[in-house]
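All chains should be built: construct the whole structure from the sequences, respecting the hints.
Residue numbers (the numbering used here), protein chains in the order written: chain A, 1 to 329; chain B, 1 to 329.
Where chain B lies over chain A, by a calculated footprint (3+ residues, C-beta under 8 Å): (1) 163 to 174; (2) 246 to 260; (3) 296 to 310.
Derived from the structure by calculation, the hints contain no laboratory data.
Positions of the beta carbon are idealized from the N, C-alpha and C atoms, including for glycine.
There are 2 protein chains.
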Amino acid sequence: MSIRLLVYRCRVLTPLALAVDFGGTKVEAALVDSDGRLVPDSRHRRPTGRTASVADLESSVGDVVRAAASALPEGAEIVGVGIGCAGPIDRRRGLVSPLNVPDWRDYPLRDFIASVVGAGEGGLGLDIPVTLEMDGVAITMAEHWVGAAQGVDNVMGMVISTGIGGGLIVDGRVITGPTGNAGHIGHVEVGDIVGEDTFGNASALEAMASGPHTVAWARTQGFAGTTGEELAAAYAAGDPIARDAIARTGQAVGRAIASATALLDLELVAIGGGFSHSTPDLFDRMREVIDHHYFPFVRKVRIVPSALSSEGPLIGAAALIHRATLLPA
Amino acid sequence: MSIRLLVYRCRVLTPLALAVDFGGTKVEAALVDSDGRLVPDSRHRRPTGRTASVADLESSVGDVVRAAASALPEGAEIVGVGIGCAGPIDRRRGLVSPLNVPDWRDYPLRDFIASVVGAGEGGLGLDIPVTLEMDGVAITMAEHWVGAAQGVDNVMGMVISTGIGGGLIVDGRVITGPTGNAGHIGHVEVGDIVGEDTFGNASALEAMASGPHTVAWARTQGFAGTTGEELAAAYAAGDPIARDAIARTGQAVGRAIASATALLDLELVAIGGGFSHSTPDLFDRMREVIDHHYFPFVRKVRIVPSALSSEGPLIGAAALIHRATLLPA
Chain A
1 MSIRLLVYRC
11 RVLTPLALAV
21 DFGGTKVEAA
31 LVDSDGRLVP
41 DSRHRRPTGR
51 TASVADLESS
61 VGDVVRAAAS
71 ALPEGAEIVG
81 VGIGCAGPID
91 RRRGLVSPLN
101 VPDWRDYPLR
111 DFIASVVGAG
121 EGGLGLDIPV
131 TLEMDGVAIT
141 MAEHWVGAAQ
151 GVDNVMGMVI
161 STGIGGGLIV
171 DGRVITGPTG
181 NAGHIGHVEV
191 GDIVGEDTFG
201 NASALEAMAS
211 GPHTVAWART
221 QGFAGTTGEE
231 LAAAYAAGDP
241 IARDAIARTG
251 QAVGRAIASA
261 TALLDLELVA
271 IGGGFSHSTP
281 DLFDRMREVI
291 DHHYFPFVRK
301 VRIVPSALSS
311 EGPLIGAAAL
321 IHRATLLPA
Chain B
1 MSIRLLVYRC
11 RVLTPLALAV
21 DFGGTKVEAA
31 LVDSDGRLVP
41 DSRHRRPTGR
51 TASVADLESS
61 VGDVVRAAAS
71 ALPEGAEIVG
81 VGIGCAGPID
91 RRRGLVSPLN
101 VPDWRDYPLR
111 DFIASVVGAG
121 EGGLGLDIPV
131 TLEMDGVAIT
141 MAEHWVGAAQ
151 GVDNVMGMVI
161 STGIGGGLIV
171 DGRVITGPTG
181 NAGHIGHVEV
191 GDIVGEDTFG
201 NASALEAMAS
211 GPHTVAWART
221 QGFAGTTGEE
231 LAAAYAAGDP
241 IARDAIARTG
251 QAVGRAIASA
261 TALLDLELVA
271 IGGGFSHSTP
281 DLFDRMREVI
291 DHHYFPFVRK
301 VRIVPSALSS
311 EGPLIGAAAL
321 IHRATLLPA
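In structure tokens form, the structure reads like this:
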């Protein structure tokens, strides 16, 4: 190809990332442009889950990747695949061991997806980079790119849902850690508030403040519901147990944020995930802890809701390609 | 000066940093070469302390800076001043508020030292950069440069002494945080083990595991001594209360290291400070916590004693000049 043709081609083809988000209940894929927008009709979803076999999981992942790729519009090209996956992971080797998917331990997800899109037999014939990071890292990059953390150099992204996860941007750069597991804020200890056991650690934030653990604590106090949605409804109706449960969880999250800020001098924490939407008061309970901290540099940290829709994890996975310069070499 | 002369000069003058370490009990200064070695007879010390006035403190700082500078050997030049100071600090504005020096709140230490060495009236006439960072940041840079963390890209330096402080190197770069206060590991919370109150936070690591707090806890159990040295002696003699106190403190430090590693995927923690020398068993108690952690990426972190002598804080302050490329821009 002549230089003239090459220049022409670079100017007209819209670069798209093929974004993959793999979690404990579902896997999704979509095409995402360099402004963080999903290509219409390119988003596809399949179930995963604790009981899925390796063959089931590979079938689901392969299906969504191929379905997303087939939505490629005319005049566009796929320039890379970004994968956000539930942790722990091994970023150097591209292996994943999602806690809620017991059949995958050191599973080579990056290589599997590379084979689906690649030039080998049965592949899509694309010669493009495939990047794997933890989902909390991806979603933090999405907040920084098009969400609540735009223009902020020292950020923790958090998801409060079935579990509690996160990711870090420090001094404008993404912190993955050498193995890819930096950002496990759910496994930072919190003092004083004794919770239920998670992986043997009753003091881990996740063991106190995830959706299911908050509901479980409320049930020990007499709450009759079984879901986060029911707890949120009870809170809205003024139920005193729900009020105590939200206060306790907000305080626990606030204390973990205080610890992370003491360690990293954070400027902003952006929080999403289903349980974070229970009530805006949850954020007020977190902020009370911060507002009463003894260090001014801890009090400065802002805590805000995520500005991302349910597309956030996919936008974050796409950021691994479109914003690759923020990642470690 | 002609280019030829300039080249000649650059080749023969040995570049030295003027290193300053300011703490709650003393201030020290020395000249340090680009291999991290102190110039003989250049190290000077003056007292600081809780009762010192601003004039006393400025007199002490000025004295050690001038005394160190006057030790400049023939054939050498001072290329910069590096200051490590007890936190909190404000790195952008060069202000310090050391917890144990109540008369200094937002005190402009960087500008004061710049005036001592600078071209103005009464100054030494040097036109050189003056860099201020927290002492924990400096000592972590010293471990990474010539100590126990050489060649490791993801490191936490810790000091266990009257208080507990630290600093971070992540992906080979020093993390200062936007205000300069990243590394406050003593103010990360630890679950389950309830300690005495520090700044209103009984769950902060420092409130459980600093030298004075460990002794205070032992005294609640019947220990008759009052110093860390006495506790170490009692431990060596097999005293059961001293044994419990060391176990409790080691466990608390181990749990804080586990939290920091969950958040930052650390590879190595290097620990110095007077109380860390109480007994090597203290390190074994920390390692037991890590060895039993549920995440392999947490279990990988190594915990080692500092490889620095009492010169460590000065070498770290010098690293702010000689290793300035590791700092944020």
